[in-house]
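Protein chains: 2
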Amino acid sequence: MIYTSQTLEKAIATFAKLPSIGRKSAQRLVYFLLRQNQEYIDEFIAVLSNLKSNIKLCKSCYNYSDDDICPICVSNSRNSKIICVVEEPKDLFAIEKTNEFRGVYHVLHGLINPIGGINASDLKIKELIERVSSAEEVILALSPSVEGEVTSQYIAKLIKPLNIKVTRIASGLPVGSSLEWTDEATLSRALEGRITL
Amino acid sequence: MIYTSQTLEKAIATFAKLPSIGRKSAQRLVYFLLRQNQEYIDEFIAVLSNLKSNIKLCKSCYNYSDDDICPICVSNSRNSKIICVVEEPKDLFAIEKTNEFRGVYHVLHGLINPIGGINASDLKIKELIERVSSAEEVILALSPSVEGEVTSQYIAKLIKPLNIKVTRIASGLPVGSSLEWTDEATLSRALEGRITL
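One line per chain: the protein sequences are A and B, in this order.
Sequential numbering from 1 applies to the first sequence in this note's numbering.
Sequential numbering from 1 applies to the second sequence in this note's numbering.
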């Protein structure tokens, strides 16, 4: 026995189940919460209670949303003819933060990964094909990994016959990086994707 | 607007208030929770609900406990005549993990820090003096910081007149460290505290 309170032990074990939270971090978080007042903890309880019940997937783009259709899909200022395909909602938020993209999104909720048992039918690919008919361009913004490549190729193969433009975001050197320390794969991609000035 | 769900935004903001959890980590934790089933989240809610209501301070040593008196203070196998004074419950757990100490504890819940507005009366020092009369030895296991030193000196001054032995845990080179890279303060402490072989 190390902990003198079963409740404390249980709380630490529960927090330690979270990703990237080890036992020491869990201990620190629980001690922190113990020192807060009841309102602080009640706020946490409220947030957790609302999480699953309030948040659903937008019926158009499958992004997290409080309503049936998310604010991006519903907005008049967005061009619904340009659909950017992303893996997860967090990728959507990363693109939104650039303030560059004025089209709409489609969240796949994963990438094709046969080894991990994730097939095309597990993702929102069918739903993408269904809504794509009125689109002018589909931008594939998936990670430049093996799974990302496979998924991009798979989707491109389905959409191209519909006479819709399919593009992929560029792969190359990150801004601020140095050529010397760039790996060969990235460098050859950057050469391949060179643009005329 | 970056997030398309107010509930999501609120959840991330709440998690980001935790110590050492930034906005990115908060986002990852909330997304992780969103992907779990309801039972997983209910377990969290239960843990948080029980936290403040179930955990109290042991009336003897002021460690966290489910009962009025903690299992360490109640145990027959512990020597209640040796009291180890620590700053926080986490320090108690650190010492328990060594499996070396068979006495009991006293948790101060802080260190004297006049600049931070923490005086002796804010800590469990009065309570220590009250229970110390039957003790044979009081071991001060506080951090070797300025606040730790001040608190140690303060407590020693109060207990020594009662004819009770007061000791302090040793300061010196950590096991596995090298003399070359040890700072001067630690090295001079190690010299000072040298023991006869």
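Honestly, the hints are just simulated from the structure, not real lab data.
Glycine included, every Cβ here is placed at the ideal spot set by N, Cα and C.
Honestly, I wouldn't trust all of these hints.
Now the in silico label distances, taken between C-beta atoms and shown as ranges [as the list claims (entries may be wrong)]:
# : chain 1 : residue 1 : chain 2 : residue 2 : range
1 : B       : LEU173    : A       : GLY193    : 33 to 43 Å
2 : B       : ASP183    : A       : LYS24     : 38 to 48 Å
3 : B       : ARG35     : A       : LEU162    : 25 to 35 Å
4 : B       : ILE164    : A       : LEU34     : 23 to 33 Å
5 : A       : SER75     : B       : LYS59     : 28 to 38 Å
6 : A       : ASN37     : B       : LYS59     : 17 to 27 Å
7 : A       : PHE101    : B       : ARG35     : 24 to 34 Å
Listed below are several chain B residues computed to face chain A (Cβ distance under 7 Å; list not exhaustive) [as the list claims (entries may be wrong)]:
#  : residue
8  : SER75
9  : GLY117
10 : GLY172
Status of the hints after comparison with the structure:
no.: 1; hint: B:LEU173 <-> A:GLY193: 33 to 43 Å; verdict: violated, 55 Å
no.: 2; hint: B:ASP183 <-> A:LYS24: 38 to 48 Å; verdict: violated, 24 Å
no.: 3; hint: B:ARG35 <-> A:LEU162: 25 to 35 Å; verdict: holds, 32 Å
no.: 4; hint: B:ILE164 <-> A:LEU34: 23 to 33 Å; verdict: holds, 31 Å
no.: 5; hint: A:SER75 <-> B:LYS59: 28 to 38 Å; verdict: violated, 60 Å
no.: 6; hint: A:ASN37 <-> B:LYS59: 17 to 27 Å; verdict: holds, 22 Å
no.: 7; hint: A:PHE101 <-> B:ARG35: 24 to 34 Å; verdict: holds, 25 Å
no.: 8; hint: SER75; verdict: violated, 9 Å
no.: 9; hint: GLY117; verdict: violated, 16 Å
no.: 10; hint: GLY172; verdict: violated, 24 Å
Violated hints, listed in ascending order, are 1, 2, 5, 8, 9, 10; each of the other numbered hints is respected by the structure.
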